[in-house]
Amino acid sequence: MLRTTTFLSASLLTATLVAAPFGLGVAVAAKPPAGELVVFEAASLKEAFATLAARFEQDHAGTHVVTNTAGSHELRAQLEHGAVADVFASADQRHMNALATEGLVVGPALFACNEPVVVVRSGLAASLKTFVDLPRAERIVVGAPEVPIGAYTVQIWQKVAAKVGADFAARLQAKVVSHELNVRQVLAKVVLGEADAGIVYRSDAISAKGKVALVEIPQELNVTAAYPIAVLKAAPSPDLARAFIDLVHSPAGATVLREAGFVPCPGR
Amino acid sequence: MSAAPPAARRRAFLAIAWPGAIGLLSGLLLLLAALPIAGLLFSAPPRQLLAGLSDPLVLPALRLTVFTTTVSLLVILACGTPLAWVIARRTIQVGQVGRVGQASRTWRVLETLVELPVVLPPAVAGVALLLAFGRRGLLGPGLAAAGIGLPFTRAAVVVAQTFVAAPFYLQAAIAAFRRLDPDLILVARTLGASPPRLLFTVAIPISWPSLAGGAAMSWARALGEFGATLMFAGNMSGRTQTLPLAIYTALASDLRTAQSLSILLVAVAFALLVAIRAGARR
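The listed protein sequences correspond, in order, to chains D and X.
Each residue of the first sequence is one higher than the one before, counting from 0 in numbering that gives the first Met the number 0.
Each residue of the second sequence is one higher than the one before, counting from 0 in numbering that gives the first Met the number 0.
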């Protein structure tokens, strides 16, 4: 018994000693090389930011843009746990504000807005043309309230209950069969035809053009998703980061975003 | 030093280097196994973790997980035992050692097929299940005609768990049935034991520890099932949201709840492993 304990503690100790400098090596390696711009972007920005990144690389010879696309909350968690990045673009202000409060980002600013819309599986498009037809869907899929698109959906249900009728809202909610964990999973279920309808951003609906039909949510029932962008305080390339954000705010950037389905924020 | 013969020097070097190398290499893996668990347990005060367990996600997820994994395990035992028995019997023919017939080869292929889900990535399993049982899947039109819609239901959770977990029981059961002494089976048959009697009063009682171990591994796999469930059954609290899905959902808003739920799962898995090892030693 004593021998086993001695062996275990000895091996753990040696392993720690050997692993420690190894760990330093990993930390050094994780720092991106010069000329590299690391952009953490919300899932719904994928296509628009791919176009912008390509343009940025053209304009700044020798730079290379690396993107990390995930749900805003996942990106926030990664940044809070020490991930190295230059730019963070979030699909809602809650996660950006949290990082600003923690002092991890500098001067977040809104750069685009997005609207929730209903997507309908292609086979059902003929009978489900407007929002009031939505109860014709048998299975509706929405985002979980914990993720931005789900939080917006909850606000939409509340407006529907207040302005159309509580029983209409209840009828719709009774058809919800799944709370997906990011907006692309909602879209995927409708594209696959497993769900009849889902609530996603306009930009997602446009990325799946031809595979799903788009139904507008009436203005008085809808909400606006505001997208903030910011430079990380610990950004290895702050100058490149600011240049990239300038491109996003520029008229050329606005055109790319508009083509991807984003809209200018109200009051701008 | 120079007086010592090379062989003795080599022995002296090995006496130090060998235990050192073993200790170092095994220590690295031990660290990797221990540190994440320590992180789960000790990175937050226990009071916060207990508070995390009061989240409204927790109780429905726990109840659903216990229910669906139990049903999955029963299905696996009920269908897996006969399947393992027939595969084991067909791939080892008593008295025909060395003569591998065509039939035996077919059963070997079947054996590989039923064990395939072990190596499938979970998301692939989810897509595959949708393409088989979904609306646009192979059986979709037939199921729809019968008024059955499998995706997004509790039954879909059970199907996903059974699909990914069954191979673990099958592997253990096939191996156990193969290890049975051929003479024993021959004697039982000559003494007039019918085929069902052979299975229930000879094969299963003798193989019991291995079968229980396989069942426990299977149950643990069903308990942890995530990707296929998310794809195939969706994520709906109280209906299809099992513990692993609840952990991922909670992660989007509250790390502590996710951590509490993870500890709950780790505790269950640990208890299972201890039970398996205790069972295997007997």
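Since the hints were derived computationally from the structure, they do not count as laboratory data.
As the structure is a computational prediction, the values presented were derived from the model and not from experiment.
In this text, a Cβ means the ideal position worked out from N, Cα and C, and glycines have one as well.
There could be a bad hint or two in this list.
Chain X is nowhere near these chain D residues, computed Cβ spacing over 12 Å in every case [unchecked claim]:
1) Gly122
2) Ala160
3) Leu191
4) Gly192
For each label pair, taking beta carbons as the anchor points, the in silico distance ranges come out as [said to hold, decoys possible]:
5) X:Ala270 - D:Asn96: 48 to 54 Å
6) D:Val105 - X:Val265: 14 to 20 Å
7) D:Glu79 - X:Ile36: 46 to 52 Å
8) X:Val265 - D:His80: 16 to 22 Å
9) D:Val105 - X:Leu40: 55 to 61 Å
10) D:Asn96 - X:Trp17: 54 to 60 Å
11) D:Arg135 - X:Leu52: 19 to 25 Å
12) X:Ala270 - D:Arg135: 55 to 61 Å
13) X:Leu31 - D:Asp166: 30 to 36 Å
14) X:Val108 - D:Asn96: 56 to 62 Å
15) D:Asn96 - X:Leu23: 45 to 51 Å
16) X:Ala77 - D:Ala125: 54 to 60 Å
17) D:Asp58 - X:Pro18: 58 to 64 Å
18) D:Ala125 - X:Leu31: 22 to 28 Å
Do the hints match the structure? See the list:
| no. | hint | result |
| --- | --- | --- |
| 1 | Gly122 | 9 Å, violated |
| 2 | Ala160 | 20 Å, holds |
| 3 | Leu191 | 6 Å, violated |
| 4 | Gly192 | 5 Å, violated |
| 5 | X:Ala270 - D:Asn96: 48 to 54 Å | 42 Å, violated |
| 6 | D:Val105 - X:Val265: 14 to 20 Å | 39 Å, violated |
| 7 | D:Glu79 - X:Ile36: 46 to 52 Å | 22 Å, violated |
| 8 | X:Val265 - D:His80: 16 to 22 Å | 20 Å, holds |
| 9 | D:Val105 - X:Leu40: 55 to 61 Å | 36 Å, violated |
| 10 | D:Asn96 - X:Trp17: 54 to 60 Å | 57 Å, holds |
| 11 | D:Arg135 - X:Leu52: 19 to 25 Å | 41 Å, violated |
| 12 | X:Ala270 - D:Arg135: 55 to 61 Å | 48 Å, violated |
| 13 | X:Leu31 - D:Asp166: 30 to 36 Å | 56 Å, violated |
| 14 | X:Val108 - D:Asn96: 56 to 62 Å | 58 Å, holds |
| 15 | D:Asn96 - X:Leu23: 45 to 51 Å | 47 Å, holds |
| 16 | X:Ala77 - D:Ala125: 54 to 60 Å | 45 Å, violated |
| 17 | D:Asp58 - X:Pro18: 58 to 64 Å | 60 Å, holds |
| 18 | D:Ala125 - X:Leu31: 22 to 28 Å | 56 Å, violated |
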